[in-house]
Amino acid sequence: MFITLKTKIWLTILTIVLLFSFFTLYYFPEQQGQAMMKSYKNEVLNYAKTVALGVNIALNEQNYEGVKTAMEYVKGAPGLKFVSLVQVDTLRDKNNNPLGIRETIFKSFPDKYSPDSGLVSNDTIIIKRAPFQTTMMSGDIMLGFNSDEIKKAQWKIRKTSLLVSGGIMLIGLLIGFWLAKNISVPVRALRDAARQVGQGDLTPVIKNFPRDEIGELSKAFNTMVQDISKAREIRNQNLTLTDTNKLLNDTLADLKATQSQLIQSEKMASLGELTAGIAHEIQNPLNFVNNFSELNKELLSEMNEEIGKGNYDEVKEIARDVTENEEKINHHGKRADAIVKGMLQHSRSSGLKEPTNINALADEYLRLAYHGLRAKDKSFNATLKTEYDETIGNINIIPQDMGRVILNLITNAFYAVGEKKKQQPDYEPIVTVATRSIKTPLGGLGVLISVKDNGNGIPQNVLDKIFQPFFTTKPTGKGTGLGLSMSYDIVTKGHGGELKVETKEGEGAQFIINLPV
Amino acid sequence: MKIKILIVLMLSGMIVQGQNTNLAVIANPGGAPAGLKQTELNAIFMGETPKWSNGSKIVLALMKTNTTAGKLTCDKVYHMSGDELTKFWLSQMIDGKVAAPTFFNTVADLQTFVSEKPGAIGIIDLTAPIAGVRVITVEGKKSF
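First to last, the sequence lines map onto chains A and B. Residue 437 in the working numbering sits at position 437 of the first sequence, and the numbers go up by one each step. Residue 34 in the working numbering sits at position 34 of the second sequence, and the numbers go up by one each step.
Incorrect hints may have been included.
Calculated cross-link-like contacts (lysine-lysine; reagent style DSSO-like; alpha-carbon spacing at most 30 Å) [unchecked claim]: (1) A:K81 x B:K97; (2) A:K75 x B:K57; (3) A:K49 x B:K97; (4) A:K107 x B:K71; (5) B:K87 x A:K128; (6) A:K112 x B:K71; (7) B:K57 x B:K71; (8) A:K500 x A:K478; (9) A:K353 x A:K309; (10) B:K57 x A:K107; (11) B:K142 x B:K64; (12) B:K142 x A:K107; (13) A:K256 x A:K230; (14) A:K493 x A:K353; (15) B:K97 x B:K57; (16) B:K64 x A:K49; (17) A:K49 x B:K57.
Output of the computed footprint for chain A on chain B, the stretches with three or more beta carbons under 8 Å from beta carbons of chain A [stated by the list, open to error]: (18) 79–87; (19) 115–126.
Calculated Cβ distances over 10 Å to all of chain B for the following chain A residues [what the hints assert, rightly or not]: (20) Q62; (21) D111; (22) S121; (23) S184; (24) I282; (25) L295; (26) P441; (27) E507.
Hints are computed from structural coordinates only; laboratory data are not their basis. All C-beta atoms in this analysis are idealised placements derived from N, C-alpha and C, irrespective of residue type, glycine included.
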């Protein structure tokens, strides 16, 4: 059975009020009335005893005035109806044996009232008797008091009780309303709000809560709802983040795949640039081989003719030329072999550092880059300057990776001067590659490798982005945006060095590789 | 048994002796006349005559009914027993008709009362000395 809190409050108050009303309207007046009646009867009895004592004394002294005085003692008592002197005589036979008791009202006061000697108390009158006994006369003093005063007093008590009970009931009602307002209403508000929260609505806020435990509960509830709301928001954010993370992971995977493809493309691009240079490099020895082999072929024909003529001195001369040509063919064949091996090394990086002549490496890639570009664009031309520090010797680097860096920087320099040449036909492009041995601030040794051009320079607004992956100022299809990024990673992460740029807009740029030795 | 009979006889003798004693009426010199008739005396002591001829209030003085003089007074003046006299005066007093007499234990007290109370009149036996009061004759006799 569900009983609401409001009902419980009202039942409690009603019970208390009813109990109190029973006490004030019935029990208390009844008890008070009985007590008053008992007290009143005792008082009447005391009056009777007092009068009887006075009468007794006065009669013994035959002081009849005293008897009257004694009887008049109760004259002014409130509620007195009468006071009677009852004469009690013992009836005897002729042999003086008692026959019975005869009671007669000797005198009463006031005179108009003549009670019966056998009168007893009833609802309207209280009768009390007290005996007196003298040698002259024996009897009782009988007092009659009406009970109106007691009834009036009892009615007054009941009336007062009724008023008090009414007041208590009114107070009970007020307390009931107050409790209902201060307990039931906030609790119901809490219940409704809790239901809303239970249904997923986190907007309810308990307002105007009382300053008591329910108020504290309301505050705690509001805090709880806020916490739940925040937790839900965080959970939603987490879910969003999870989705975003998943998306990012997918994107990252895609990016990695794309990056791998781009890196591969970058490698292929650099390989393409190298191929052109390599082809140009190989072409020269091949030309020598072809030319000298053709020349030897002609010399051998001529030598056969001279042998037929028997001109052996001439034959010896021709044979010596053939031998020299063979040496040249052999020399240029080895050179072509070295170029092919270098190309293989470029395509198959071991990832291990090895002592490398940085000057040779830089010079090789300078020439490969230049000839590679010239192979694609015959109109390109630039003055190449080299300033190598011959004191450097071999340094421990990964030659394939560092060669790729130098190639990238030189290719960028060629692109920069080429673009400026297109804008300024009178412009003379210059690209300078230099190396220099230095001392680090901590006292160690280092090597600077710089690639400098006199192109348009790098705008300040893109200067802090040039090492970011996929950033490029080149037109679409001309660059991947990974060249400088990969170069930066190779220098800093692969070799523990620095790659920085110095530029002045309109005057050119210089990339400097600082490698610890 | 003999002792009881003797006591009864002695008491009877005393009563006979008391009954033979005469009574005298005394009064305060102021108010009361020198002599009264028996009917006047009866009327005065029954409370029927409340005042003297000079207008002064009559104050009654009697010996208690348990004294010899008192018993004689009950017998000769009131013709009642002591109890009847008590009830008579009690009734008269409560009714407010008259002022009840004052009862005394000794003649001396009664005489003193009468001598000091103007309008007072009392009855004593002649065996007691008489001083400071006037003896009122009844039917011309000083005792009856």
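Consistency of the hints with the structure:
1. A:K81 x B:K97: Holds. A:K81 to B:K97 sits at ~22 Å (cutoff 30 Å).
2. A:K75 x B:K57: The hint holds at about 27 Å.
3. A:K49 x B:K97: Given that 30 Å is the threshold and the Cα spacing comes to 27 Å, the pair holds.
4. A:K107 x B:K71: Answer holds: A:K107 to B:K71 is near 25 Å, not above 30 Å.
5. B:K87 x A:K128: Cα-Cα ~23 Å, so holds.
6. A:K112 x B:K71: violated, 34 Å
7. B:K57 x B:K71: Between B:K57 and B:K71 the Cα gap is close to 26 Å, so the pair holds against 30 Å.
8. A:K500 x A:K478: holds, 23 Å
9. A:K353 x A:K309: With Cα atoms ~62 Å apart, A:K353 and A:K309 exceed 30 Å; violated.
10. B:K57 x A:K107: holds, 26 Å
11. B:K142 x B:K64: holds, 21 Å
12. B:K142 x A:K107: violated, 38 Å
13. A:K256 x A:K230: At roughly 36 Å apart (the allowed maximum being 30 Å), A:K230 and A:K256 break the hint.
14. A:K493 x A:K353: holds, 13 Å
15. B:K97 x B:K57: holds, 14 Å
16. B:K64 x A:K49: OK: B:K64 and A:K49 at ~26 Å, within 30 Å.
17. A:K49 x B:K57: violated, 35 Å
18. 79–87: The restraint on the region 79–87 of chain B holds, since 4 of its residues have a Cβ under 8 Å from chain A and three suffice.
19. 115–126: violated (count 0)
20. Q62: Not fine: 4 Å to the nearest Cβ puts A:Q62 too close to chain B.
21. D111: Contrary to the label, A:D111 does not stay out of reach of chain B, its closest Cβ about 7 Å off (not over 10 Å).
22. S121: The assertion about A:S121 holds, with a minimum of 24 Å to chain B.
23. S184: holds, 75 Å
24. I282: holds, 174 Å
25. L295: holds, 194 Å
26. P441: holds, 146 Å
27. E507: holds, 156 Å
In the structure shown, a violation is registered for the earlier hints numbered 6, 9, 12, 13, 17, 19, 20, 21, in ascending order.
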